[in-house]
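Trainee: Given next are the chains, with one letter for each unit.
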Amino acid sequence: MTGVLFDKTLTVLEKALDAGSLRQRVIAHNIANINTPGFKRSFVTFESQLKEALSNARDGEVTMLKGDPRHITGKTGLEQLEPRVVRDRTSSLRADGNNVDVDLEMTYLAMNTIKYNAVIQQLNDRLAKLRYVINEGRR
Amino acid sequence: MRLFQSMAISASALTAERLRMDLIASNIANMNTTRTASGGPYRRKVAVFAEKLEQAMSRGRELTGSGVTVAKIVEDQSPPRLVYDPSHPDANQDGYVAMPNINVINEMVDLITATRAYEANVTVLNAGKTMALKALEIGR
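In order, the protein sequence lines correspond to chains A and B.
Counting from 1, position 8 in the first sequence corresponds to residue 8 in the numbering used here; the numbering is continuous, with no gaps.
Counting from 1, position 80 in the second sequence corresponds to residue 80 in the numbering used here; the numbering is continuous, with no gaps.
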């Protein structure tokens, strides 16, 4: 859908919110298992897929209509953009085989919270602008 | 809602770490217990943590992480400490008493680890709560 009400930016912001809450969940799972022997941490990839989808949209690629989400597409369009959970199987120096680094995870948690708040702020700004326009300039 | 799932994950970790702290408290309290219901000295109890995986409803086969669970509580099978004390009522015929195999230093290190993990999970829980509250402000 294009136009002033539902443009690309709102889609991107909505996807970013989904990715943010998924990342929060994955970090919670990592920190919950900080003492579990043999546990391997996971992480969420989203920004690289977003970059690719945005550059595809800019190049004027038409998003192919698909009957079924499992059909193969040429390139990722904005609508199909999805965050992915990846398991990090690197080995660690810990004796119990657990590769969770608590300092890194807490840092990612803080970064994610700030990103999430920033996206919500952007969303509110856009909605406020829409409301302003709808009210014909009156508050 | 995914943010509530994230808080449930942190809650599972808080429960597991608290159980570990309870076991450590029990171990230290029973450091000198020579009589148990099953006979013999008290044996050190250890909690075994396991990752909890659940079927994600929308995606079918994929298992998503949903926290930590205590798989079982095992008793440490290492042999008890033998202390020479013939006057003890539980001494065997050589005068040795079988004392529990509990090392206070190990228990204290485990306690610190459990406490730090508990604090980290409380921070994660608060972050998830803040995010959920912030999401309520969209469009306000």
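Hints were generated in silico from the structure; no laboratory data involved.
Check the hints yourself; a few may be wrong.
To be verified - In silico PhoX-like cross-links for lysine-lysine, where the CA-CA straight-line distance does not exceed 20 Å:
#, chain 1, residue 1, chain 2, residue 2
1, B, Lys-45, B, Lys-72
2, A, Lys-115, B, Lys-129
3, A, Lys-129, A, Lys-8
4, A, Lys-15, A, Lys-51
5, A, Lys-115, B, Lys-134
6, A, Lys-115, A, Lys-15
7, A, Lys-15, B, Lys-45
8, A, Lys-115, A, Lys-8
9, A, Lys-8, A, Lys-51
Because the structure is a prediction, the values reported are computed rather than measured.
Trainee: Evaluate each hint against the coordinates.
Mentor: Right, here's what the structure says about each hint:
1. For the given pair, B/Lys-45 sits about 10 Å from B/Lys-72 by alpha-carbon distance, which is consistent with the 20 Å threshold.
2. As the CA atoms of A/Lys-115 and B/Lys-129 are separated by approximately 15 Å, the hinted pair is consistent with the 20 Å bound.
3. A C-alpha spacing of about 16 Å is found between A/Lys-129 and A/Lys-8, which places the hinted pair at or below 20 Å, so the restraint holds.
4. Of the supplied pair hints, the one linking A/Lys-15 and A/Lys-51 holds, its CA atoms being roughly 13 Å apart against a limit of 20 Å.
5. Proposed proximity of A/Lys-115 and B/Lys-134 is supported: the alpha carbons are some 12 Å apart, at most 20 Å.
6. Proposed proximity of A/Lys-115 and A/Lys-15 is supported: the alpha carbons are some 13 Å apart, at most 20 Å.
7. Restraint check for A/Lys-15 and B/Lys-45: not satisfied, since their Cα atoms lie roughly 47 Å apart, outside the 20 Å limit.
8. Between A/Lys-115 and A/Lys-8 the CA atoms are separated by roughly 19 Å; this keeps the pair inside 20 Å, and the hint holds.
9. For the hint linking A/Lys-8 to A/Lys-51, the alpha-carbon distance of about 14 Å falls within 20 Å, and the restraint holds.
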